[in-house]
Amino acid sequence: MADGSPRALAWRQLCDGVRAYRLIAVMGIRSQLTYRVSFAVTAFGNFAATAFDFVTILLMFTQVDALGGFSLPEVAFLYGTSATAFGLCDLVMGSVDRVGARVRDGTLDVLLLRPAPVLAQVAADRFSLRRVGRVVQGGAVLGYALGAADIDWDVARVVLVPVMLVCGGLIFAAVFVAGAAFQFWAQDAAEVQSAFTYGGTALLQYPPGLFAKDLVRGVVFVVPLAFVNWLPALYVLGRPLPLGMPDWVGFLAPAVGAACCAVAGLAWRKGVRAYRSTGS
Amino acid sequence: MADTGEGRKGKPMEDMEDMEDIEDMEDAADGFIALDGLEKVFDVRRRVGAFRREKRRVRAVDGISFRVARGEMVGYIGPNGAGKSTTIKMLTGILTPSGGRVRVAGIDPSRERARLASRIGVVFGQRTTLWWDLPLIDSYRLAQRMYRVPDARYRANLERCVELLDLGALLDVPVRQLSLGQRMRGDIAAALLHDPDVLYLDEPTIGLDVISKAKVREFLRDLNAEHGTTVLLTTHDLQDIEQLCGRVMVIDHGRLLYDGPPAGLHEVGGSERTLVVDLERETAPIELPDVPDVRVVRVEGPRQYLAFPATGSAAPLVARVAAAYPLVDLSVREPDIETVIAKMYVEGATVPEDRTTV
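If you read the sequences in order, they're chains G and R.
Quick note on the numbering used here: the first sequence kicks off at 175 and runs consecutively.
Quick note on the numbering used here: the second sequence kicks off at 64 and runs consecutively.
Chain G on its own, in the form it takes in the complex:
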């Protein structure tokens, strides 16, 4: 090997991963297009299903003026940031929870034989464009919220919104990957991570004041989903952070996102090494 420094190695691995992801995703899209009707139906279904999420919130606001002290635009802001971050992550990494099936039937073998990072291949496996529906829908709600909410904009707040989406996506991605890694040991555990990912987005769409303190502590200190949008979003909205935390905690999102990814990466590596394949 010409250049063996750890940083160069990690960088090259990332580039290889992105490249492999692109190649496989393109193949996946083409495979799906061989079944055009099925593609159209599921794409529409996906969009409609996520849209109903927000309809639920709208229906609530026909009965009340505020939810946990939050106005509709403010709740829409929480919803939009959470849904968009999750949508982005789901679009890129949503396939990793299928690794359990590949572990069970041994088809992960094939991916391990290619000169590309397995995680990238698993994530790109059957890449589904229809997941764009969720991003579009979340983005639309976020757009409405940004226009309608009464936000006292300054530089920090302007920067924090896109940062929040990216870091939120990374935190969700970390949960996806850690959950997928767990499937190397428990092959039918896809539901466990769904509790954190799908369950997590649903939770983060509502103001933290609505939930029990212990639950809030859990998503701050244990599985730090609160950093996806609650903490930074409350800062943007000019609201006090839960659990009496100071305002600057909202700015920790990038650090938390990075830490989550590091932990998930290690778990994944350990998982791959524990892979047992199947007899043939």
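By construction, these hints were calculated from the structure, which means they are not laboratory data.
All C-beta atoms in this analysis are idealised placements derived from N, C-alpha and C, irrespective of residue type, glycine included.
It cannot be assumed that every hint is accurate.
[To be verified] For lysine to aspartate or glutamate, the following DMTMM-like pairs were computed, each having C-alpha atoms within a straight-line distance of at most 25 Å: (1) G/444 - R/102; (2) R/278 - R/330; (3) G/444 - R/171; (4) G/444 - G/190; (5) R/278 - R/300; (6) R/118 - G/239; (7) R/118 - G/227; (8) G/444 - R/106; (9) G/444 - R/175; (10) G/387 - G/239.
[Said to hold, decoys possible] A partial selection of chain G residues facing chain R, derived with a Cβ cut-off under 8 Å: (11) 194; (12) 286; (13) 290; (14) 447; (15) 451.
[Said to hold, decoys possible] A short list of chain G residues far from chain R (calculated; beta carbon distances all over 12 Å): (16) 200; (17) 241; (18) 242; (19) 285; (20) 306; (21) 309; (22) 317; (23) 321; (24) 327; (25) 330; (26) 384; (27) 413.
Chain G is fixed; fit chain R onto it per the hints.
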């Protein structure tokens, strides 16, 4: 270097790690593929009763050592569950060994899986690497880009494979519409587009008809002869071994039972071929006092089964039977691998000395 007892030839395991950088140079002498006391242990959990679970350790590969030189063509055989696939999976980096050491082209497979991947080709008889819903050619184009094969080389390799494996008419057919034999040939081509130094084949002829088998064998023979590709194949089919390999390794229960030329397999296993003769009428069991080591194992009316050592030729025996009995028809049955190995295992055959100590 004077042999003072410290500088032994057989290196102790602890020193291996420090020697990694000079390993590439050692390749030629050390064998292109090198295994030392390789082990894979699985913990198998079995449900006993409603709640209790029993944990059992299975030694799928139990201390296997061998060397394969560049350009060798080696058969790796054994009954189901002997540890063949597990070994191949450790050689390709799919599985991480539980113990021992393995190097392929100087690379530790499980630690540098991706780097090794571009130097090896793998064909799993029962698991395709091709894209199910897309035309065959798309899988090849992906392989080209994934392995970064330069255009000219890709075209040359593809052309050769298409010609020799008869794939021309199949390139635009979606993989799911290919027959098993066609898909196998397609898979072999896919594994060779990046000019691998080693080709692993796991049951390459399983489920194929006679013509497809012959085609695959011929292709592998040419590949080995013309490109010097090292080939390691597992199979259940003794004919694969006899027609292709100059060397065969037999494993059972995760241990190497035999390592040597295929002919010697019959010697060590003391295996027998069977001559089936149909006589004009029922007679007493054939007796040929002047031909040693032949015995009648079964009589079914006019049909008799004669067992004779697989190491010898059938010709003199046939001549003697024809001269002494009213012969109508005859056929020769090869011993199957399972029987050879079963016999070997019972008799506790050991690996020839010169192979184990390198």
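Structure-based check of all given hints:
In summary, the hint linking residue 444 of chain G to residue 102 of chain R is supported, as the alpha carbons are separated by about 19 Å, within the 25 Å threshold. About 29 Å separates the Cα atoms of residue 278 of chain R and residue 330 of chain R, which puts this hinted pair outside 25 Å; it is violated. Of the supplied pair hints, the one linking residue 444 of chain G and residue 171 of chain R holds, its CA atoms being roughly 17 Å apart against a limit of 25 Å. Restraint check for residue 444 of chain G and residue 190 of chain G: satisfied, since their Cα atoms lie roughly 20 Å apart, inside the 25 Å limit.
Our distance criterion of 25 Å between C-alpha atoms is met by residue 278 of chain R and residue 300 of chain R, whose separation comes to about 15 Å. Restraint check for residue 118 of chain R and residue 239 of chain G: the C-alpha separation of about 59 Å exceeds 25 Å, so the hint is violated. About 46 Å separates the Cα atoms of residue 118 of chain R and residue 227 of chain G, which puts this hinted pair outside 25 Å; it is violated. For the hint linking residue 444 of chain G to residue 106 of chain R, the alpha-carbon distance of about 17 Å falls within 25 Å, and the restraint holds.
Among the hinted pairs, residue 444 of chain G with residue 175 of chain R is consistent with the structure: their alpha-carbon atoms are about 15 Å apart, no more than 25 Å. With a C-alpha separation of about 24 Å, the suggested pairing of residue 387 of chain G with residue 239 of chain G holds against the 25 Å cut-off. Evaluation of the residue 194 of chain G hint against chain R yields a held restraint, the C-beta minimum of about 7 Å falling below 8 Å. Nearest Cβ of chain R to the Cβ of residue 286 of chain G: about 5 Å, under the 8 Å cut. The hint holds.
For residue 290 of chain G, the suggested interface contact is upheld, since its CB lies about 6 Å from the closest CB of chain R, less than 8 Å. At its closest, the beta carbon of residue 447 of chain G sits 5 Å from a beta carbon of chain R; the interface hint therefore holds under the 8 Å criterion. At a threshold of 8 Å, the smallest CB-CB gap from residue 451 of chain G to chain R is about 6 Å, leaving the interface hint in force. With a minimum CB-CB distance of about 9 Å to chain R, residue 200 of chain G fails to clear the 12 Å threshold, and the non-interface call is violated.
With a closest Cβ-Cβ approach of about 45 Å to chain R, residue 241 of chain G is found to remain outside the 12 Å limit, as its non-interface label requires. No beta-carbon of chain R comes within 12 Å of the beta-carbon of residue 242 of chain G; the shortest separation is about 44 Å. Chain R draws residue 285 of chain G into its interface by the beta-carbon criterion, the shortest separation being 9 Å against a cut-off of 12 Å. With a least CB separation of 21 Å from chain R, residue 306 of chain G remains clear of the 12 Å interface cut-off, as annotated.
For residue 309 of chain G, the non-interface assignment is confirmed: its Cβ lies about 26 Å from the closest Cβ of chain R, beyond the 12 Å cut-off. Interface exclusion of residue 317 of chain G from chain R stands, the closest Cβ pair being 37 Å apart, more than 12 Å. Annotated as non-interface, residue 321 of chain G keeps its C-beta farther than 12 Å from every C-beta of chain R; the closest such distance is 43 Å. Residue 327 of chain G, annotated as away from the interface, keeps every beta carbon of chain R farther than 12 Å; the closest lies near 45 Å.
Chain R leaves residue 330 of chain G outside its interface by the beta-carbon criterion, the shortest separation being 41 Å against a cut-off of 12 Å. In this structure residue 384 of chain G is separated from chain R by more than 12 Å, as the shortest Cβ-Cβ distance comes to about 40 Å. For residue 413 of chain G, the non-interface assignment is confirmed: its Cβ lies about 47 Å from the closest Cβ of chain R, beyond the 12 Å cut-off.
The structure is inconsistent with the numbered hints 2, 6, 7, 16, 19, although it conforms to all the rest.
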